[in-house]
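A.B. asks: Take the sequence shown: its position 300, counted from the start at 1, is 299 in numbering that gives the first Met the number 0, and no numbers get skipped.
No lab work stands behind these hints: they were computed from the structure.
Where is the CB? At the ideal position from N, CA and C, for every residue including glycine.
It is possible that some hints are incorrect.
As the list claims (entries may be wrong) - For each label pair, taking beta carbons as the anchor points, the in silico distance ranges come out as:
id, residue 1, residue 2, range
1, E275, D213, 19 to 27 Å
2, V240, S198, 22 to 30 Å
3, T207, A174, 27 to 35 Å
4, T285, V240, 13 to 21 Å
5, D51, R313, 26 to 34 Å
6, Q27, S215, 45 to 53 Å
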Amino acid sequence: MFSRGMKLILMVAFQAMSLISISTASLQYNFYGSSCPNAEQTISNVVYGLIDADPSMAPALLRLHFHDCFVMGCDASILLDPTKANGSPEKTAIPLRGYDAVNKIKAAVEAVCPGKVSCADILAFAARDSVAKSGGFVYPVPAGRRDGNVSSAFSVFSSIPSPFFDAGELVQSFAAKGLTVDDLVALSGAHSIGTAHCSGFKNRLYPTVDASLDASYAAALRAACPDGSAADDGVVNNSPVSPATLGNQYFKNALAGRVLFTSDAALLTGRNDTAEKVRENAGDLTAWMARFAASMVKMGGIEVLTGARGEVRRFCNVTNS
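Produce the complete structure using the sequences and hints provided.
C.D. replies: Printed below as a string of structure tokens:
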């Protein structure tokens, strides 16, 4: 007999598989089954340990994968350090966390199977394992991505959706990457965990409070984020409820006017059925889990390098040559 938790995991995985697009056909499940059979378990072990030590690593690793895929495709270009050759790479554009964590994961995998597992695949697996630890559900991830050799900070701002976007801009941004409105809304559920700087949402607090914000929530945010200089940029949880648990609470927060960003609130005002999809996800945790998993796999297939293209880096922060 399966436990209730195991039944949920199997149900989510089955539903997610039925939703996954054929766009990931260039990738393969169990890609490292022969070349490095312990790769995925090694990655999971390290990720779980990192998150046990610091739960904020879960949203950090999720965000790294998202940023990597939206900028120049899922090729680990987000991980490259500045050099004379590449000038200002992606990581110089927006401050993110988790780079040291990825280096630790890579070192553990290299110790088991040198030169076999790409950093791009490590980001995808680490994101999945972060979901498992913070959300309690798992899904299969196809692999075979190769690492790119080019990274540009300039590409970040034209690719990453802004927290100040309206619904139409969000839909357009995701469509440019081959993602649908369903993907946009489902993936927005990642904002049920993690933190945000006040500068990302102060526009909704000052000089007047955005009318769509719950009054008590707005008051709490104004207390945490006083109207001062840009240098005084505090940090608050993305969700005022269960901020360490990945789930559909984000959608309940949105319906209650308790989300941070303009882009979050915009999902309820758009003309692309986003509001209805928010309500659907708020009302069915299992269905959202399946949609989120399928959209994560789909996102993980954006503009991937496979076959002879790219390389498998020895160290994730530098190219091999």
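A.B. asks: Now tell me if each hint is right for this structure.
C.D. replies: Hint check results:
About 21 Å separates the C-beta atoms of E275 and D213, a value consistent with the hinted range of 19 to 27 Å. Restraint check, V240 to S198: a C-beta distance of roughly 23 Å satisfies the suggested window 22 to 30 Å. The supplied range of 27 to 35 Å is met by T207 and A174, whose beta-carbon atoms lie about 33 Å from each other. One distance hint, 13 to 21 Å for the beta-carbon pair T285 and V240, holds here, with the actual separation near 19 Å.
For D51 and R313, the hinted distance range of 26 to 34 Å is satisfied, since their beta carbons lie about 28 Å from each other. Separation of Q27 from S215 is about 50 Å and conforms to the stated range, judged on CB atoms against 45 to 53 Å.
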